[in-house]
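Q: Sequence:
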Amino acid sequence: MTDRSGDRKSFRGGNSSSGRNSRDGAPGDRGGSNSTGGAGRTGGAAGGRGGSYGGNRQGGAGQGGSGQGGGPRQDGPRRRGGEGGFAGRSGDSSAGRRPPRPEEPDLPDDITPSDLDAVVRRDLLSLDKSNAEAVARHLVMVANLLDDDPRLALAHARAARQRAGRIAVVRETAGVAAYHAGEWAEALSELRAARRMAGGPGLLAVMADCERGLGRPERAIELGRSDEARALTGDDASELRIVVAGARMDLGEYDQAVVTLQTADLDPARTGPGPARLFYAYADALVAAGRTDEGVKWFLNSASADLEGDTDAEERVAELSGGGE
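Reading the sequence shown from the start, the letters are residues 117 to 441 in my numbering.
Simulated from the structure, these hints should not be mistaken for laboratory data.
Accuracy of the hints is not assured; some may be wrong.
[Unchecked claim] With a straight-line Cα cutoff of 20 Å, these simulated SDA-like cross-link-like pairs (lysine to any residue) come out:
(1) Lys413 with Asp371
(2) Lys413 with Leu423
(3) Lys413 with Asp381
(4) Lys245 with Ser230
(5) Lys413 with Leu367
(6) Lys245 with Asp226
(7) Lys245 with Asp264
(8) Lys245 with Pro229
(9) Lys245 with Glu220
(10) Lys413 with Glu431
(11) Lys413 with Ala434
(12) Lys245 with Asp222
(13) Lys245 with Asp225
(14) Lys413 with Gln378
(15) Lys245 with Asp265
(16) Lys245 with Val235
(17) Lys245 with Arg267
(18) Lys413 with Thr387
(19) Lys413 with Leu382
(20) Lys413 with Ala385
(21) Lys413 with Glu435
(22) Lys413 with Pro384
(23) Lys245 with Ile227
(24) Lys413 with Asp383
(25) Lys413 with Gly438
(26) Lys245 with Arg279
(27) Lys413 with Glu430
(28) Lys245 with Pro224
(29) Lys413 with Val433
(30) Lys245 with Asp263
(31) Lys413 with Arg386
(32) Lys413 with Thr379
(33) Lys245 with Arg282
(34) Lys413 with Leu436
(35) Lys413 with Val375
(36) Lys413 with Gly425
(37) Lys413 with Tyr370
(38) Lys245 with Leu268
Just need the whole structure built from these sequences, with the hints factored in.
A: Dropping the structure here:
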């Protein structure tokens with residue numbers, strides 16, 4: 117899957133089109149074509165690449181969790197009595213066995229492994245057939261549910277991770293699902309693991325936005341300065357700049373947010389979801405910096421670029437022009 121900030125093509129299983137209910141692109145904020153299901157902030161990542169939801173690879177833990185994300189750790193047979201021996205007695209056939217997997221969400225009968233993109237299915241070939249089929253079906257459910265029920269999508273992602281935690285695309289899927297559900301720590305952990313496993317920059321924009329969600333905008337800005345960030349081009353680079361600008365705004369650095377977004381990509385002749393999000397973020401930064409007239413102009417540019425109606429740029433123009441009361 118890379119697309120979003122980094123490596124492989126977006127996850128192509130199912131029909132998810134990464135939420136469209138946020139205004140600015142970040143979890144729950146203004147103007148983004150891809151919702152993320154979290155707290156409202158301006159200038160967030162698109163949450164996984166327009167169309168599917170994608171990214172690259174993942175690994176994680178729930179917020180405040182163990183770092184394992186999606187299920188209890190299984191570090192070997194459980195012991196009893198502190199430093200004592202294994203829990204099972206001699207001759208006890210249960211001694212040393214793995215604990216059972218946590219209960220998994222139901223898989224509808226009409227969801228089949230063939231619904232998953234063939235490229236992603238190939239990543240599952242190291243698994244035994246029955247496990248690979250179950251993982252594939254869970255991944256399809258993640259894509260299908262991501263917009264409408266991100267918590268259930270995350271449950272399916274955790275189930276896939278529990279079954280196939282050494283496969284990068286599974287870890288990335290878990291990270292993206294956690295991001296959409298607003299589980300920033302889990303998402304960040306999963307996406308870091310995915311990047312370690314697969315190489316490449318990973319989903320830097322999503323990772324940076326997770327840092328913002330955790331109240332660490334300075335770390336988001338540092339990611340934007342990294343060597344991996346400098347290697348990004350096109351929409352991947354724009355998405356990361358949007359997040360970094362949002363982090364600047366979190367810190368009250370509105371002029372710096374404006375400057376962050378002033379690149380050659382800021383061309384009002386461009387159209388599509390990426391340009392619409394970029395123009396929207398730029399307009400928002402201008403307004404925050406007290407340059408309302410310029411902001412209105414760029415909200416209009418965003419509305420013109422937004423051929424699918426993903427943003428609320430026209431509403432923002434009405435509000436700022438005094439017609440939104």
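Q: Of the hints stated earlier, which fail here?
A: Numbers 5, 7, 15, 17, 30, 38 - these are the hints that the structure violates, sorted from lowest upward.
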